[in-house]
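A.B. asks: Sequence:
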Amino acid sequence: MKKTIRLIIGDQLNSNHSWFKTVDDSVTYVLMEIRTETDYATHHVQKIIGFFAAMQAFAKELKTKKHNVIYIHLNDANNLHSFEKNIEFLIGENNFTHFEYQLPDEYRVDVNLKKLCEAISITSSVVDSEHFFTTREELGIFFEGKKIFLMESFYRAMRKKHHVLMEGDNPINGQWNFDSENRKKLPKNHKPIAPLVFNNDVSAIANEIAQTNIETIGNIDSKNFIWPINRAQSLELLDFFVEECLPLFGSYQDAMMPNEWSLYHARISFSMNIKMISPQEVIEKATSEWRKRPIEIEYNQLEGFVRQIIGWREYMRGIYWLKMPEYANLNFFDNQGKLPNWYWTGNTKMNCLKDAINQTLNYGYAHHIQRLMITGNFALLAGVHPDEVGAWYLGVYMDAIEWVEITNTLGMSQYADGGIVGTKPYVSSASYIDKMSHYCGSCYYKKALKTGDKSCPFNSLYWNFHDKNEEKLSKNPRIGMMYNVWKKMQPEAKVSLLEQADYYLKNINNL
Numbered sequence: 001m002k003k004t005i006r007l008i009i010g011d012q013l014n015s016n017h018s019w020f021k022t023v024d025d026s027v028t029y030v031l032m033e034i035r036t037e038t039d040y041a042t043h044h045v046q047k048i049i050g051f052f053a054a055m056q057a058f059a060k061e062l063k064t065k066k067h068n069v070i071y072i073h074l075n076d077a078n079n080l081h082s083f084e085k086n087i088e089f090l091i092g093e094n095n096f097t098h099f100e101y102q103l104p105d106e107y108r109v110d111v112n113l114k115k116l117c118e119a120i121s122i123t124s125s126v127v128d129s130e131h132f133f134t135t136r137e138e139l140g141i142f143f144e145g146k147k148i149f150l151m152e153s154f155y156r157a158m159r160k161k162h163h164v165l166m167e168g169d170n171p172i173n174g175q176w177n178f179d180s181e182n183r184k185k186l187p188k189n190h191k192p193i194a195p196l197v198f199n200n201d202v203s204a205i206a207n208e209i210a211q212t213n214i215e216t217i218g219n220i221d222s223k224n225f226i227w228p229i230n231r232a233q234s235l236e237l238l239d240f241f242v243e244e245c246l247p248l249f250g251s252y253q254d255a256m257m258p259n260e261w262s263l264y265h266a267r268i269s270f271s272m273n274i275k276m277i278s279p280q281e282v283i284e285k286a287t288s289e290w291r292k293r294p295i296e297i298e299y300n301q302l303e304g305f306v307r308q309i310i311g312w313r314e315y316m317r318g319i320y321w322l323k324m325p326e327y328a329n330l331n332f333f334d335n336q337g338k339l340p341n342w343y344w345t346g347n348t349k350m351n352c353l354k355d356a357i358n359q360t361l362n363y364g365y366a367h368h369i370q371r372l373m374i375t376g377n378f379a380l381l382a383g384v385h386p387d388e389v390g391a392w393y394l395g396v397y398m399d400a401i402e403w404v405e406i407t408n409t410l411g412m413s414q415y416a417d418g419g420i421v422g423t424k425p426y427v428s429s430a431s432y433i434d435k436m437s438h439y440c441g442s443c444y445y446k447k448a449l450k451t452g453d454k455s456c457p458f459n460s461l462y463w464n465f466h467d468k469n470e471e472k473l474s475k476n477p478r479i480g481m482m483y484n485v486w487k488k489m490q491p492e493a494k495v496s497l498l499e500q501a502d503y504y505l506k507n508i509n510n511l
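Residue numbers (this note's numbering): 1 to 511.
Everything labelled a hint here was simulated from the structure, so no lab data went into it. Only true hints are included.
No farther apart than 30 Å at their CA atoms in a straight line, the calculated lysine-lysine pairs in the DSSO-like style are these:
#, residue 1, residue 2
1, Lys184, Lys446
2, Lys450, Lys435
3, Lys447, Lys506
4, Lys160, Lys146
5, Lys185, Lys424
6, Lys188, Lys447
7, Lys60, Lys2
Bear in mind the structure is a predicted one, so any value in this text is a computation, not a measurement.
Sequences are here, hints too, so could you generate the full structure?
C.D. replies: This is how it looks when you write it as structure tokens:
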């Protein structure tokens, strides 16, 4: 008799997968908490616990539905702490005759599971994870023969293919992209809505981890874990977003405010990335809410959200599978620096970085502009090695899985890919940060000062970055204007800026 073992990886918790439509006594599912997954990067403690809590809840759900499930806990005596070793052990113990798995989203896991299938003595097969709008290869086929992989082109094609916000072959309201309406600063006395958080007791998992030597980052209240750990909570968070936050999401999606960690963001990326909810149902829910309340929810709020899901998210995954594994080693600027020590503590006098990093340590979360234009911006201006930046981003955020993290970090944030993802480096001086936030007014450093005591480090580092990389960037049409400004500066002003930047770089751990 055929006996099948099916592996479910921690980011494949999709209860609507076709695997689970029927109960078959000859099929056994296995989930495992293993050190190869906790240790390939130094993760935020909330990230590890979030994965394990969601995996345990998913296994319990499968058992309730009468599926056969083997769950290997972190400290189980027979846990061999790798997919390969545990599967091989289970095959021998239970006389399984066939092994199945879903396409993993990470290149390293894909390679490992292919090797496992070659090593085991039984037959094997792989199925799709049934989650994304696109296949792994779809973006590469779409851009075949092209030198520039323009996200906007891909986004429009996805809208057409999947009939999202379309009237026939045309976009609703006659315009594809409303990004220009989505860059507002929050009014000074504006009080954002309080975020929906959960009070999950994950102390048992925290105690399990405490018994190991697993290295982690960040803080946690294990009696009141705020993140969703099952599909029901994930749907509740999605409902909260579309009902309470979507009306202002687009306008303020790039805004930043001290001590306001959630604002109007959905915070569903963790739930989506481990597949407790699907991108299709997320878009359908948001679109449905807009249709019910078209006056209250202006169209630009919805389009900005949809673009991130069906455009940016699918685009980044496509770039990942098109360009890996070489992509992971790109370093366009040949940056070699180390991350400042305060990236792990938040102990810096720069308000914007202090707020973004402390928020990250406390919640395992920061929204995309905090990542791109605060922590990422500073790391690029400081010449930090992309591997350093990538390891930090992969570790500190709840939603960071390599397929989505590395393209956003190395590509969008650090321009280490030389322009595959972004058309220009995303760097700024204090002026942009002040334009989009309320950090600068009470900062130790002064946003208007470019040099001298208490001058904002972003200002001199910004010009130092352009000076250092002029040979590689001066012909980029999107930043040519900045080089014109640089060329017109008085020589003594340039020297003063570069000396100030050099001082800050030499004293980077004390900023």
